[in-house]
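Asks: Spelled out, the chains give:
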Amino acid sequence: MTAIYERELDSQLNGLTGYVYGALMLLFAGIYVMVSNLAGSPDFTNVLYSMNFIYLIGIPLLTMRSVAEERHQKTDQLLYSLPLSMTKIVLGKYLALVTVMVMPILVMGLYPLLLNALATAGAISLKSAYSALAGYVLLGMALTAVGLYISSLMDSPALAAGACFIVMLLAYFLSPLAEYIPQSGPASLAAFALAAAVFALILWRATGNRAAALGIGAALEAGLGAWYALAPDMFPGLFADVVQWLAIFDRFDNFAYDIFDVRSAVYFLSAAAVFLFLTVQAMERRRWAA
Amino acid sequence: MVEVSHLTKRYGAHTAVEDLSFTVEKGLVYGFLGPNGAGKTTTMNILTGCLAATEGQVTIGGYDIFDQPIQAKRLVGYLPEQPPLYGGMTVEEYLSFVARAKGVTVGRLDGQLAEAEAVTGVTDVAGRLIRNLSKGYRQRVGIAQALLGSPQVIILDEPTVGLDPLQIVEIRKLIRSLGRDRTVILSSHILSEVQAVCDRVIMVHKGRLVAQGTAAELEQRFAGKVTYHLTVKAAPGEVHQALEPAEGVLEVATEPGDEGRLNVTVTASDAGPGMDERISFALSDQRIPVLRLEREQASLEDVFLALTQEQPTGPADSRPGRTRRFGRGGRHDRDL
Chain A
1 MTAIYERELD SQLNGLTGYV YGALMLLFAG IYVMVSNLAG SPDFTNVLYS
51 MNFIYLIGIP LLTMRSVAEE RHQKTDQLLY SLPLSMTKIV LGKYLALVTV
101 MVMPILVMGL YPLLLNALAT AGAISLKSAY SALAGYVLLG MALTAVGLYI
151 SSLMDSPALA AGACFIVMLL AYFLSPLAEY IPQSGPASLA AFALAAAVFA
201 LILWRATGNR AAALGIGAAL EAGLGAWYAL APDMFPGLFA DVVQWLAIFD
251 RFDNFAYDIF DVRSAVYFLS AAAVFLFLTV QAMERRRWAA
Chain B
1 MVEVSHLTKR YGAHTAVEDL SFTVEKGLVY GFLGPNGAGK TTTMNILTGC
51 LAATEGQVTI GGYDIFDQPI QAKRLVGYLP EQPPLYGGMT VEEYLSFVAR
101 AKGVTVGRLD GQLAEAEAVT GVTDVAGRLI RNLSKGYRQR VGIAQALLGS
151 PQVIILDEPT VGLDPLQIVE IRKLIRSLGR DRTVILSSHI LSEVQAVCDR
201 VIMVHKGRLV AQGTAAELEQ RFAGKVTYHL TVKAAPGEVH QALEPAEGVL
251 EVATEPGDEG RLNVTVTASD AGPGMDERIS FALSDQRIPV LRLEREQASL
301 EDVFLALTQE QPTGPADSRP GRTRRFGRGG RHDRDL
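These protein sequence lines map, in sequence, to chains A and B.
Going by the working numbering, the first sequence opens with residue 1, and the numbers climb by one from there.
Going by the working numbering, the second sequence opens with residue 1, and the numbers climb by one from there.
Derived by calculation from the structure, the hints in this document are not laboratory data.
One or more hints might be untrue.
[What the hints assert, rightly or not] Derived BS3-like pairs (lysine-lysine); straight-line CA-CA distance at most 30 Å: (1) A/Lys88 - A/Lys74; (2) B/Lys173 - B/Lys26; (3) A/Lys74 - B/Lys173; (4) A/Lys74 - B/Lys135; (5) B/Lys135 - B/Lys173.
Can you make the complete structure from the sequences, with help from the hints?
Replies: Here it is in structure tokens:
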């Protein structure tokens, strides 16, 4: 696994993307610290809150090549023939990506100290600054796993970057979008029914097994219908709540409000684990691919 | 060493490999021979665990490639059709990465690298970036990569495709030398290559096994018939009358040549050394002057063509260049 880790790190640091990501992160961190801290309030958590959109561009840049490039260059055959489990290969790649992701954030870790050194009146709370930075890293870790998964589905890095950017963008605006979702019970039911149908369709496309996909889709729809018949008062606003729950960027908000939110930390780590698991599955499925 | 039983791989409706079974013994070089689209690459990918089989079983050194992939893969070094090289790394960096990924311990790393580089002749380019190497050298680096971790079985998919004649000769020499202390399986659509390099031949066509054995065995087993080419001075009727009653003659075909000569093709059952005399005497008894008499031995190529043409031909067979590809086995190599 260390060999995979080092090779991935090496390819990130020998290419341009790792540096572009780092430069982007530090450039915006610098601008925000200057504009908001040096000229306004010294609250560093505000900087992080304002600049988590950098991940929208940074994560696709960072993760696009990880698997798609191997497939493009046919070097993935080497990975498949190595006496290593796919979990170790994916984990090695992921940890390398996280290392590159964290590097500029470590530099940003100096800023609170710098702000305190420059402070003329009253120091900022280092505890809240660093807990926000930790939350920022955790958010990045979850998003990196999402990017890695998208890269593992694609055959070219450019496609992976495009798809990843769209997913990041949707995730970023999921919370404001959720507010426009109708709150009524029937609307929620209809949205869930549609989601179940889409899920069945994806399942069919992914596995090629139409009967199973149809069966699962039908079971989901029937379950929804039964649930609605039994407890219709649970439905109003439920779909919007679920969408709100999926809004990964919003989980960072609490960190920015001075709280080390353990629940959000667990959420980020679970999201990373889920997408790493999905990446392993996507890679394994290639062995069966047509 | 390697056992393949009832291997089948389907891609949707298309069957790439069908009910393929063979056994590979230790310490020999095996040639996996078949035209393009015969299922060679698919089989190699399954043998190395890169692809899952639809049905059937592959064991390497007793380990099932699917149930115990880690143990099985430790015994195998694989060079896919396209060498899996990272262009941005130097040869040394790349080989060191592969060795460590294969679990070679730090203590043995330098020794293994030096050996693999020396055997494949890439020591001189060890410090160069892979993307700047010629195709021949990349192929060598690919083979060096397969040798790392001291696997007992080396699997090479079309190792000489795209190389120049000199490189082909060198890679073949390298493969022969690998076969001295390891088991080698190589795939090829070039017959002369398999004849030159391999101890055993496994012929596949449309995903099915059509024949296996040593080249000599195959020639013997399938060379039931002998063909004679003659030039005589006589009328077609006379030749037919003279030859057809002779023992062992199966078919006589005539074709008019220049200056009243007649070209004759005789197909005979292989009835031992007496056949030459019987043909010759049958003609001289009738006072037919023989200007030329040649016996054509069945070659591995004929065996292959006979075997692959018995099957109903599909699109894979009608590709242009296929017959050219199977240049006269062993005599001269048209791929050169």
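Asks: All hints are to be evaluated individually against the structure, with a verdict given for each.
Replies: Hint-by-hint comparison with the structure:
Simply put, A/Lys88 and A/Lys74 have alpha-carbon atoms about 19 Å apart, close enough for the 30 Å limit, and the pair holds. A threshold of 30 Å between alpha carbons decides the hint, and for B/Lys173 with B/Lys26 the separation of about 20 Å falls inside it, so the pair holds. Taking the CA atoms of A/Lys74 and B/Lys173, the gap is about 27 Å. The hint holds against a cut of 30 Å. Distance check on the hinted pair: A/Lys74 and B/Lys135 sit about 16 Å apart at the alpha-carbon level, within 30 Å; holds.
Between the alpha carbons of B/Lys135 and B/Lys173 the distance comes to roughly 17 Å, so the proposed pair stays at or under 30 Å and holds.
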